[in-house]
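Asker: Taken in order, these protein sequences are the chains called A and B. In terms of the working numbering, the first sequence opens at residue 1 and continues consecutively. In terms of the working numbering, the second sequence opens at residue 1 and continues consecutively.
Keep in mind that the hints were calculated from the coordinates and are not lab data. Some hints could be false.
One-sided and incomplete, this derived list gives chain A residues near chain B with beta-carbon spacing under 7 angstroms [said to hold, decoys possible]:
#  : residue
1  : M1
2  : E4
3  : A11
4  : G14
5  : L15
6  : S17
7  : E53
8  : K113
9  : V114
10 : R115
11 : V124
12 : E127
13 : W166
Between beta-carbon pairs, the in silico distance windows are [to be verified]:
#  : chain 1 : residue 1 : chain 2 : residue 2 : range
14 : A       : E30       : B       : E968      : 53 to 63 angstroms
15 : A       : E110      : B       : W1008     : 35 to 45 angstroms
16 : A       : D112      : B       : K1061     : 44 to 54 angstroms
Result set (SDA-like, lysine to any residue): computed pairs, CA atoms no more than 20 angstroms apart in a straight line [claimed, not checked]:
#  : chain 1 : residue 1 : chain 2 : residue 2
17 : A       : K2        : B       : A28
18 : A       : K137      : B       : A28
19 : A       : K138      : B       : G35
20 : A       : K26       : B       : N775
21 : B       : K352      : B       : S428
22 : A       : K138      : B       : A30
23 : A       : K113      : B       : G35
24 : A       : K137      : B       : G35
25 : A       : K26       : B       : A30
26 : A       : K113      : B       : A30
27 : B       : K994      : B       : E113
28 : A       : K113      : B       : P179
29 : A       : K113      : B       : D74
30 : B       : K583      : B       : P179
31 : A       : K2        : B       : A24
32 : B       : K1050     : B       : A914
As the structure is a prediction and not an experimental result, all values here were calculated from the model. Heads up, the beta-carbon is just placed ideally off N, CA and C, and yes, glycines get one too.
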Amino acid sequence: MKIEDIENRIALYGLISRLMMMEVDKTFLESIHSDEAILEMFPNYRDWSRHQELSMDMLKEKYYDVDFANLFLMHLVPYESFYTREDQMIESGGDNPVVSLYNALDFRAELDKVRVVSPDHIGVELEFMFMLCQALKKAYEAEDSEGIKEILEIQKGFLKDHLLEWAPMFLINMKKESQTPLYHDGAELVLEFLLSDYEYVTKNLPTAVETNAFTF
Amino acid sequence: MTKSMNNKQPAFVESRRTFLKGTAYSVAGATLAAGVFRTIADTPAVAESKFTPTPKTLSFYPPLEQWDSFTELDGHDWKRGGTLRNGVANSDNPNGIKATEYMLVPLICSNCEAACGLTGWVDIGTYKQSQDPKDLKVRKYMGNPLHPASRGRNCAKGYAVQSQMYDPDRIPFPLKRAPGSKRGEGKWVRTTWDEAMQTIGKKMHDTLKSGDEISKKSIMYHVGRPNESGFGHRVLYSMGVDGHNSHSNVCSAGARQGLTHWTGDDRPSPDWANSKLIFLQSSHAADAGHFFQQHAGFIADARKKGAKLVVMDPRMSNSAGMADLWVPIWPGTEAALYLYLVNRIVNEKDPKTGKDYIDHDFMKNWINWDVLIKDKEYLAFMVSQNYISRLPLGETYEDFVKLLQEMYAPYTLEFAAKECRVDAATLSKLFDMFIEGGDKVTTYFWRAGTIGNRGGWMNVRTAVLALALRGCYTGDVGNNGCYGFHEIFVNAKGDAATEAGQKPEKVDVWNELLFPPDFPLSTNEPSYLLPHLLADEEWQKKWISKGLNVPQKLAVYIPRMYNPVWINPDGFRWIEVLKREDKMELTFNLSPTWSETNWYCDYILPTGLAGERHDQHSEATKPARWLGFRQPVLRVALEKMGWKPTDPARATLEAHMKAGLGEVWEEIEFWANMFVHHVDPDGSLGVKKHWASKEDPGKPVTIPEWYQAVFDHVHHLKAAASKDPKYANSKYPNYEMMRDMGAWLEEDNIFKPQERELKNENGVIESMEMKFDANTLTVEPNGVVKAKLVGSEDVKAMGLVVGDKVVEGFKSSSRKMEFFANWMKDWKWPEYAIPIYPTTKEQREKMVHIVSQIHHDHMQKENDFALNPIFRLPYNIHTRSVNSKHLMEISQNHNPIWIATSDAKRLNIKRGDAIKVTIADTVSGLESGYFIAMAVPTEGILPGTLACSHHAGRWKLQNAIEIPGFKEKLGVMGMGTPLYEMTMDEKEGTLEPKQGIDAGLMERRSSWQFKEYNRDIDNIWWDGLSGSWQNAVAPTHPDPISGAHAWHQKVSIELAGTEHKIGDIYVNYDNNMKVYQAWRDKLARPLDSTNTTRRPKELKRPVWALTDKAWSVNITD
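Take these sequences, add in the hints, and give me the full structure.
Answerer: Following this line, the structure appears as C-alpha cells:
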C-alpha cells in the first residue's frame, strides 16, 4: 500500500460521494474537466454533443438537476434501509443500521447540511468511506500500523456489510433509469470503483494483519 | 440511456478498472466532499433517554394510560440525528432535541358527518413551566386509535382541524350589527355573550309569552350538518316550538324517501368490509363522504380480500378511476338500469346451476307481497296503467313472482342501454358482476343520483328491489342493513340531570314553514324554500284562507353553524329575506367562522369548532353501535391539571378565554344559560325546568351532569364505567370515562337485527330502543304485534310474528320490507306505490314526477347539457373548510367545468377557456341567468353532461372589518375567499370578482390572531378564483314527492365574451321565484279536504314527537 493509493482513494470517494449526495455545481463539473484521468471515467459524458450547444449552467438546469431529482428524489430510493428492510421502509431514526457504527467511531452525520432524510443515503455512506480514507492517511503518515489495520478492517466490514449489500442494486437501477450521460457514467463508475476498492482493501488487509509491517 | 451507449461499455464486472494504478488524481477529494460528517470532539455527552428513536410500526399511538402526560420528540429530531447524539434539551443541554410534554384529549372531528376520532395534542409542558394558560396550545390533531370505526385514521380534513382552530380570521368575540346600520352593510360592534343573551333571550321570552299557536312557529333553529345526535332537536321542543329546520332536503332527502318506503328507516348501513361487490351510485362513499374516510377504509379492506368495485356515475370520480368497472350513466336514469337488473334476475335462471336468481326465502318471508296480491283494486289500477296486462290468477307468492316477471320484462338490455346511454357490453358485465357478488353486494345511495334529479327517490326504490331479490338487503355479513340498528342517538337524553327529570312534552303545533301543505310527503323540511315561503305572501294567504295558521314572519331566526345564503339554491332570495326585518325580526348565527350568511345577521356568536365543544355523535358506518364524544380540548386539559371555572355552567367559555383562544363558547352551555337566565328566568313558561340542574337547583345544568345522564342510556358504557376502579367512585363515572377515551363500542357485529327474537323481561319488552308493556300485546291479521309504550297510552308496532316467534322486524308499519307502499294510494300518488320507471317518451311525459328535469329528452340544441353540480371535493366540506389554509392550498384550481373532449372539440372549447353557463328550467321554460367558469376537456365524463362542484366559489364583500374601539381589524375569510362586488335590486343580482386571496392577504399580512402559527401567510400563492357561486344562479327544484331540491340543471354553454371573467354571475331571481312556483303548481299534489293528517303516518315527522292535534288537518276548499 502506498500513500498515492490512499490519496487517490480520498480523491475518488470525495468525488463520488459528492456526485451521489446533491445536485452538481460548477465547481464540481470544472473539477471533473480539470483532470483528464477523471474525465476518462465519464466517457459518454466527455463525448456528449450537448457540451457544444449549451453552457454548463444551462446543462445543469435543464438536464443534470432534472435527472438528479428523478434518480435520487422521485423514482429511485437511494437508501440502504429501503433495500435491506423487508418492509422497504426508510429507517430515518436512531435504529438506522449505520448510525451506531458512525457513532462508535465518533462520526456525526449532519443531515441538515444536505437534502437527505437518513444517514444510510448512498452519498453519506460514500462520504463515510472518504472520512475513513482520510483517517487512514493520517495513520499512514503517523506510521501507526495498528491504526491502519483497524481502519482497513472497518472499511472492509463497511463495504461488505453495508455498501456492497445494496448499492449495486441501486446503481444498476440508476444506470438504467438515468437520462443523462453524467449520471449514467457516474453510476457505472461508482459500482466499478466499489468493487475494485473492496478487492484492494481485501488484498492489503492480510498483509497488514500478518506482517504487521508496512513500508512507510 | 440509449442502447448504443450501453453497447460501448462492457458489463460491469468485466470492465472493472484498476483505479489506483497509473497517475495520481489531481482532484482534491476534501474540497469536493459535501462535508456531512464531523467528528464529535465538540458534541455533548449523550444522556440516557426513554425515547424510542423509531416506532416499530407506522400506526404507533401512545397507550391510553399515558395520554395525560406523553412526551414526544420534536419533529426535527430525525434531521438532527436523534437523542442518541444530542440528548434531550434541558437547561444544561440547550442544543439537545426538544421534547414536548403533551396531554392527549380525545374528541370527534366535526368537518363532515362521519364523526372520526381525533386526539388533540395539547402542549402542557410549556404551561407547566410558565403557569400561563395562554401557553396551552394544541400542537396537532391526530387520530384516536380507540375509535372503533375510524381506527386511528383521518382524512385531510381531520388533520386540518388545527389550522381551523388557529385561523387568523376566526371570530374572537360576539359581534353585533352596529346600531343604526342595515343588515349587510358590514358595520359591526363588539359585544358580550351576556348582552347577546339578554337581548335575544328577552325577544324569545316575549315571543313565547303570548302562548298562541303562531308564537310556537316563530322561532326557528336552522341546523346545517348537525354532527351530534339529537341535542339541537331538544332546544326547540323544550319550548314547545315546532321550529327545527335542517339541511337534509338539499342533501339526502331523495335517498331517504326511497328507503323509508321500503323499510321505514331512512338510511342504509352496508357492511362494506365483508362484501364481494361494492356497487356505488355517484361518487360518494369512497370519494368524499358519506362517512368518507371510514367507508373508504372498509371498502379498501374488502378490496384487499378480493372484492370488486363498480362505480355508476357520469363523472369519473376518484373511486370510478380505481374501480373494476365504471358505468358512466346519464344522470337521473339510474332506475332504468336497476330495473334492467331486476328484469334479468326475475326472468332468468343461473345457467350453471339451473336455479332461480331470486332469493325466495328472503322475498317470501320479508317482503309485503301478500298485501299487494290481495289488493284487487290496486291490481286493477296496475292493469289500467299498463304495468301488467291482466290480474294475477291467485294470491300466492308464486303469483307475485309471475307479476314481477311480467311487470319488469320491458326493461331489456336494449332499452336500458338507450335510456341510460351506457353501452350494452358494460351493462351485461355489470349484471354478471352483480350476480357473482351473490348476497354480498353493498351499496350507498347518497348524492348526485338521488338528490340531483326529480324522482331521485325512485332510483332507490328500484335499487333496493334489485338488492332484495338477491338477498342483499338482509343486514347479514357483507350486505346491507338499516341505519337505525347501527347508531346511538342519545345526545338529547340528559333529562335526568334536569329539574324536570323527564323529556319535554310533545309539541302541539305544526309549522307550515317547515312542512308546507304543498309537499305533504316531503322527507325532511324543504328548508331551501324558507325564504320563498316567507316572501310569497300570496301563498300564505291562500293557505290561511283554507284554514291553516301559516306564519308570515319569524320572530327569531337562528342558523347554527349553517350558511344558507351560500349553500342553498337561489342565494339572492335568501339575502333578500335575511335583509328584511319585517320577515326575520332578530337573527343570530351560532358560527365559529365568518360566512356569507353571517354578513346579513344581527349577531354572530362564535361557538366552537371540533376541539372546542361537547357533543355525543354516532353514525352507522359499520354493522356495530359506537359513539364518539366531542370535547373542548383546552378546557379538558385545564380541568385535568386542576383548574376550576368560576361558573361551572360556563366552563368552556371561561377556559377558552383563559387559554387565549377567544370568547368562544359551545351550544350546550349556551342554551342552558339562555333558558335558565334569560328566556324563562322565573320558570313561568315551563321551559326553565328542562335546562336547570337537578343537582344545583336554579342553576343551568353542567356538562358533567348532562353527560352522566346522557350516557346512562348506553347500557354497556354505563356498566363499564361503574365497574372501572378509576371511575367507580367518581360522581360522574360515565362522563369521566368518556372524557378519557372519546369513543365507545357498545355493540359489535350486529347482523340481521330484524330477526332478533323479542324478550319479555319482567313484563317489559324492548324493541327499536323503545320499552313496551308486555301485558298489552295485540296481534294484527298481518302478523304485526302492537303494544302500549311503558308509562304511556301510545300504542305502537313492536314486532312481527314469524313462525312461532315474535321478532323485531323492520321499522316499516308492516315490519316487513314494503315492495308495495300502499299508503301512497291515499296520498294521491298511486302510480308510484311500487318500484317503476317509464319506458317510452309518452310515459315519461305522463310520469314526469319521477323523470329527471335534465333527462336527455330535454337536450335539444347542440350546446345543451346536463350539469352535475353536486360532488364533493375530498378536501373541502361545503362551507366548513374555508378557514383552513391547508385545505385551501390543496384545493386550489381543482374545480373547473368538466366537459367531454368530443363535446369540447365540437364547440371549439379548449382547456382553460372561460365559458358562460346559462341555466334554463325545463318545467317553466324560464332562464335563470349564467355563471362564468373555466372549462377542462376530459375523457372522464359522459358526453352531453358537465360537472362542476358547487363546493367552491366562496365570496366576501370586504377583506376586513373595523370594530370601533378595537385597534385591530378583523379579517374576513382571508384564506379561502376572494373579494367580490355585488349588485341586487330585488329582481336581478350580479357578482364580480375584484381581488384574489393572495393579494387580499398581502394587504394585511401582519394578522394579529395566532401570529406564531401564521408566520407562513407570506407563502400564500393562491388567488382562489377557480369556482363560481353557481348556487345563486340555480333556481329551486322542489321534488313533488320527496320535497328534495333536485340539484342538476339544464344548461347551455358558449365561450365567454371578453367582458366576462371566471367567477362572474348574473341571476334573474325574480324568474327563479317563478320557477319554484311552476314546480309547485304544475307538479305537486297538495293537501286538500280529503286529508285528515298533515302527512302519512308511514313517513317520520322529523324530528320530535308531535301531538295528534298537531298532526291533524282540516282543509277547507
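Asker: Does each hint fit the structure? Answer for all of them.
Answerer: For each hint, the structure was consulted:
Hint status for A/M1: violated, given a least beta-carbon distance of 9 angstroms to chain B, over 7 angstroms. A hinted interface residue such as A/E4 counts as satisfied when its beta carbon comes closer than 7 angstroms to some beta carbon of chain B; here the least separation is about 5 angstroms, so the hint holds. Interface restraint check for A/A11: the shortest CB-CB distance to chain B comes to about 4 angstroms, inside 7 angstroms, so the restraint holds. This hint holds: A/G14 has a C-beta 2 angstroms from the nearest C-beta of chain B, less than the 7 angstroms allowed.
The closest approach between the C-beta of A/L15 and any C-beta of chain B is roughly 5 angstroms, which is under the 7 angstroms cut-off, so the hint is satisfied. At its closest, the beta carbon of A/S17 sits 6 angstroms from a beta carbon of chain B; the interface hint therefore holds under the 7 angstroms criterion. For A/E53, the interface hint is violated, the least distance from its beta-carbon to any beta-carbon of chain B being 18 angstroms, above 7 angstroms. Interface hint status for A/K113: upheld, as the beta-carbon distance to the closest one in chain B is roughly 6 angstroms, under 7 angstroms.
Hint status for A/V114 relative to chain B: holds, with the closest Cβ pair at about 5 angstroms, below 7 angstroms. With 7 angstroms as the threshold, the beta carbon of A/R115 stays out of range of chain B, its nearest partner Cβ sitting at about 10 angstroms, so the hint is violated. With a cut of 7 angstroms, the hint placing A/V124 at the interface with chain B holds, because the nearest CB-to-CB distance is about 5 angstroms. Interface restraint check: A/E127 against chain B, minimum CB-CB distance 5 angstroms, threshold 7 angstroms, status holds.
The restraint placing A/W166 at the interface with chain B is violated, with a minimum CB-CB distance near 15 angstroms, outside the 7 angstroms limit. Against the hinted window of 53 to 63 angstroms, the Cβ-Cβ separation of A/E30 and B/E968 comes to about 55 angstroms, which satisfies the hint. In this structure, A/E110 and B/W1008 meet the distance hint of 35 to 45 angstroms, their C-beta atoms being roughly 38 angstroms apart. For the pair A/D112 and B/K1061, the beta carbons lie near 45 angstroms from each other, so the given range of 44 to 54 angstroms is met.
Restraint check for A/K2 and B/A28: the C-alpha separation of about 17 angstroms stays at or below 20 angstroms, so the hint holds. Proposed proximity of A/K137 and B/A28 is supported: the alpha carbons are some 14 angstroms apart, at most 20 angstroms. Distance restraint check for A/K138 and B/G35: the Cα-Cα separation of roughly 18 angstroms lies within the 20 angstroms cut-off, and the hinted pair is therefore satisfied. Distance restraint check for A/K26 and B/N775: the Cα-Cα separation of roughly 95 angstroms exceeds the 20 angstroms cut-off, and the hinted pair is therefore not satisfied.
For the given pair, B/K352 sits about 17 angstroms from B/S428 by alpha-carbon distance, which is consistent with the 20 angstroms threshold. A distance of roughly 14 angstroms separates the Cα atoms of A/K138 and B/A30; the hinted pair therefore holds under the 20 angstroms criterion. Restraint check for A/K113 and B/G35: satisfied, since their Cα atoms lie roughly 8 angstroms apart, inside the 20 angstroms limit. Annotation: proposed proximity of A/K137 to B/G35 holds, straight-line Cα distance about 18 angstroms (limit 20 angstroms).
Proposed proximity of A/K26 and B/A30 is supported: the alpha carbons are some 16 angstroms apart, at most 20 angstroms. Between A/K113 and B/A30 the alpha-carbon distance is near 16 angstroms, which keeps this suggested pair within the 20 angstroms criterion. For the suggested pair B/K994 and B/E113, the alpha carbons sit about 34 angstroms apart, so the restraint of at most 20 angstroms is broken. Between the alpha carbons of A/K113 and B/P179 the distance comes to roughly 60 angstroms, so the proposed pair goes past 20 angstroms and is violated.
For the hint pairing A/K113 with B/D74, the CA-to-CA distance comes to about 19 angstroms; that is within 20 angstroms, so the pair holds. Using a Cα cut-off of 20 angstroms, the hinted pair B/K583 and B/P179 holds, with the two alpha carbons roughly 19 angstroms apart. Pair hint A/K2 plus B/A24 holds up; C-alpha atoms about 11 angstroms apart against a cutoff of 20 angstroms. In summary, the hint linking B/K1050 to B/A914 is supported, as the alpha carbons are separated by about 19 angstroms, within the 20 angstroms threshold.
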